[in-house]
Amino acid sequence: MELTIIRGGTLVDPATGTNGLYNVYISGERIASIRPFESDTIDPSPGLTIIEAKGRFVLPGLIDVHTHLREPGYEYKETIQSGAMAGAAGGFTTVLCMANTKPVNDCEAVTRQIIEKAGKAVVNVLPIGALSHGMKGERLTEMHELKSAGCVAISDDGMPVANAGLMRTALEYAGGVNLTVISHAETPELASNGVMNEGAVSTRMGLAGIPNAAEDAMAARDIQLAELTGARLHVAHVSTAGAVALIRSAKGRGAKNITAEATPHHLTLDHEAVGGYNTNAKMNPPLRSMKDVQALRAGIADGTIDCIATDHAPHSTIEKDVEFDKAANGVIGLETAFSLIYGLVLQGAFELDKAIAAMTINPAMAFGLAKGTLRVGSIADITIVNPSRTWTVSPATLKSKSKNTPFIGKELKAVVEKTIVNGKIVYDNPE
Amino acid sequence: MRLNRKDILGIEDLSVEELETILSTAESFKEVSTREIKKVPTLRGKTIINLFYEASTRTRTSFEIAAKRMSADAVNISVSTSSVVKGETLKDTAKNLEAMKPDCIVIRHSSSGAPHGIAGYVGCSVINAGDGNHEHPSQALLDMLTVREHKKSLAGLKLAIIGDVKHSRVARSNIYGFTKLGASVVVCGPATMLPPGIEALGCKATVNVEDALRDADVVMMLRIQLERSKGADFPNAREYSRLYGLDDVKLRKAKKDVLILHPGPMNRGVEISAEVADGPYSLILDQVTNGVAVRMALFYLLLGTSREDAPKAI
Chain V
1 MELTIIRGGT
11 LVDPATGTNG
21 LYNVYISGER
31 IASIRPFESD
41 TIDPSPGLTI
51 IEAKGRFVLP
61 GLIDVHTHLR
71 EPGYEYKETI
81 QSGAMAGAAG
91 GFTTVLCMAN
101 TKPVNDCEAV
111 TRQIIEKAGK
121 AVVNVLPIGA
131 LSHGMKGERL
141 TEMHELKSAG
151 CVAISDDGMP
161 VANAGLMRTA
171 LEYAGGVNLT
181 VISHAETPEL
191 ASNGVMNEGA
201 VSTRMGLAGI
211 PNAAEDAMAA
221 RDIQLAELTG
231 ARLHVAHVST
241 AGAVALIRSA
251 KGRGAKNITA
261 EATPHHLTLD
271 HEAVGGYNTN
281 AKMNPPLRSM
291 KDVQALRAGI
301 ADGTIDCIAT
311 DHAPHSTIEK
321 DVEFDKAANG
331 VIGLETAFSL
341 IYGLVLQGAF
351 ELDKAIAAMT
361 INPAMAFGLA
371 KGTLRVGSIA
381 DITIVNPSRT
391 WTVSPATLKS
401 KSKNTPFIGK
411 ELKAVVEKTI
421 VNGKIVYDNP
431 E
Chain H
1001 MRLNRKDILG
1011 IEDLSVEELE
1021 TILSTAESFK
1031 EVSTREIKKV
1041 PTLRGKTIIN
1051 LFYEASTRTR
1061 TSFEIAAKRM
1071 SADAVNISVS
1081 TSSVVKGETL
1091 KDTAKNLEAM
1101 KPDCIVIRHS
1111 SSGAPHGIAG
1121 YVGCSVINAG
1131 DGNHEHPSQA
1141 LLDMLTVREH
1151 KKSLAGLKLA
1161 IIGDVKHSRV
1171 ARSNIYGFTK
1181 LGASVVVCGP
1191 ATMLPPGIEA
1201 LGCKATVNVE
1211 DALRDADVVM
1221 MLRIQLERSK
1231 GADFPNAREY
1241 SRLYGLDDVK
1251 LRKAKKDVLI
1261 LHPGPMNRGV
1271 EISAEVADGP
1281 YSLILDQVTN
1291 GVAVRMALFY
1301 LLLGTSREDA
1311 PKAI
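Chains as they are written, first to last, in our numbering: chain V, 1 to 431; chain H, 1001 to 1314.
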């Protein structure tokens, strides 16, 4: 069996509490052994590949539980293949893709089509099935069939489930088939025709605002329903201080079935980024105030927010190079995620281990995936990052088919140098 | 003379000096409109396109007359007659118009920020003739000119802006303009019409119309869009009129020599009584007259004389 050794890197594996210099042995598809670097002597032998990782972070392959890969239906924005490449370039070895494709992933046939394409993608692509048929918020999908076909979670993401009764039923039913329900927490009547955060900036720019209460009210409802049903609820793209407080309080009273995520852009930018009517800073939920940004960071730091997820939402210039209020919501995020989060670690927003946990073991646990750790015997999904290299975000080098990011032109710290899936290098970017 | 800028997109980014320059230039152009032959050759050979994506009588006509009195060639495009209905994007429309080599595009659009987009796409000058709920700089300039004619200076004056501030680009531009020239501004309306953080623009805000009117030197009534009552911003025109409609009784709170402005078109009997609209303090028609002078000044200061000190296209 082929043996690969990743030598002398800083292994950070929050699942096992590891943070130090180790040699990681990969045999075939799996982790064969983890040995302290200092005391380990490697006997060169035929068939042995050594990856030098001095000065690098060696991490469990990153997991992104929130992406939009646009296939089927919107292949001009992204395909499963291009999205997976973008994921690999961002150090992600597993990405979950949302159901708002065309047709919507609301039945076995669509799921099977996605799974077939996913088989040819460079990273693990796991589909999320719709909660309601056509994401219309009316009739439950066949969740058991979706799961059998390969869906790993349930969500109408992009469309809030306005009907509380339907959400209750969905949680109960999904709980019965052991699938986590992801809530896009937004009260439609409060979000109304808003196109950015409601506040001094929206007032100055003359744009319709979305108040924090639109998210807080729906997050409160869904937390109540999760506590009522005992089913697993995952709150997507938390953007408000209020929602962080609601989740913290639910966890404080022992609700172990509730998890949540925040995006790198909500953790990094506030609503001032919309200035100049920058449609690449338009997304839903919108960028909020600095007070909300600080609350999200504190949520990562104390574990209230379990996961960092990108909400990678590719759009072409057709949807973005238009009037601000007519522009589509969403930004790409796979390729900038780790660097942005590492930048926040350097600023002291939260500890590195917390950040890595939020991108590895926590998302794995939230969705019951046997991933997110480099424990001996686990699948060799590994990300190697050079924290001392910098790079500049440029449309020319982004792997995603779409370039809609507010970070174009920004110089970021930390470069993903190798992404390894099932023991094979799928992305290589040496110094 | 010339402004050292390509575009006029809002009052927010104009300096006090620029505002003074525009207003004094407008004053000097007023006289042209009183001549028997109302035309100066200043902008002969210049082409100005009025691109209006929203219905407008007053503003579009005013820009057109201003261009013609400066001897520029004015072309009017309104949304219903253009290829916009065929689904062309704003960017493509702007690029195509630019290919015909105009010197200035005047744009009115229902989307806040649309003129900023166009200004980035084209090399010619762009004047914002009203974008969404954002700004309406030429309206604020004509309001300032009108008040200045009667009060000499805006410094120290109290301006009360009453009505649907949330959806008013006129309010935003006037808050910036009047405060930059030393006036204090209070905005007033039902809480549903006062957007969050409006004070950050430099004004005070109140739901109490008497507080707003007390000792006001200038009162600006905003048009109430009656269709908004469907969105429940207010229950109906009768209640609105009782609380916020300007009539002789409410007006007694203001200073004796108060000036009344309204950007038009008026809903008589809703936000303003006929007596006040037609009364001795009303400057509503002066505003319209001054609108032409202000727009002549904007064209002159953007397109006139030499280009050497002007920056290249952004």
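To be clear, the hints were calculated from the coordinates, so they are not data collected in a lab. Incorrect hints may have been included.
[To be verified] Only pairs whose alpha carbons sit at most 27 Å apart, straight line, appear in this in silico DSS-like list of lysine-lysine:
| hint | chain 1 | residue 1 | chain 2 | residue 2 |
| --- | --- | --- | --- | --- |
| 1 | H | 1101 | V | 399 |
| 2 | V | 291 | H | 1091 |
| 3 | H | 1091 | V | 401 |
| 4 | V | 413 | V | 291 |
| 5 | H | 1091 | V | 410 |
| 6 | H | 1091 | V | 354 |
| 7 | V | 320 | H | 1091 |
| 8 | V | 120 | V | 413 |
| 9 | H | 1095 | V | 326 |
| 10 | V | 326 | H | 1006 |
| 11 | H | 1204 | V | 320 |
| 12 | V | 403 | H | 1204 |
| 13 | H | 1204 | V | 326 |
[What the hints assert, rightly or not] Over the 10 Å line for every Cβ pair with chain H, so calculated as not near, a few chain V residues:
| hint | residue |
| --- | --- |
| 14 | 15 |
| 15 | 37 |
| 16 | 39 |
| 17 | 52 |
| 18 | 120 |
| 19 | 202 |
| 20 | 205 |
| 21 | 209 |
| 22 | 290 |
| 23 | 377 |
| 24 | 378 |
Virtual Cβ for every residue (Gly too), placed ideally from N, Cα, C.
Hint-by-hint comparison with the structure:
no., hint, in the structure
1, H:1101 <-> V:399, "38 Å, violated"
2, V:291 <-> H:1091, "36 Å, violated"
3, H:1091 <-> V:401, "22 Å, holds"
4, V:413 <-> V:291, "25 Å, holds"
5, H:1091 <-> V:410, "26 Å, holds"
6, H:1091 <-> V:354, "44 Å, violated"
7, V:320 <-> H:1091, "11 Å, holds"
8, V:120 <-> V:413, "31 Å, violated"
9, H:1095 <-> V:326, "19 Å, holds"
10, V:326 <-> H:1006, "26 Å, holds"
11, H:1204 <-> V:320, "36 Å, violated"
12, V:403 <-> H:1204, "42 Å, violated"
13, H:1204 <-> V:326, "32 Å, violated"
14, 15, "43 Å, holds"
15, 37, "53 Å, holds"
16, 39, "60 Å, holds"
17, 52, "47 Å, holds"
18, 120, "35 Å, holds"
19, 202, "7 Å, violated"
20, 205, "6 Å, violated"
21, 209, "7 Å, violated"
22, 290, "14 Å, holds"
23, 377, "55 Å, holds"
24, 378, "50 Å, holds"
Figure legend: structure checked against the earlier numbered hints; hints not met, in rising order: 1, 2, 6, 8, 11, 12, 13, 19, 20 and 21.
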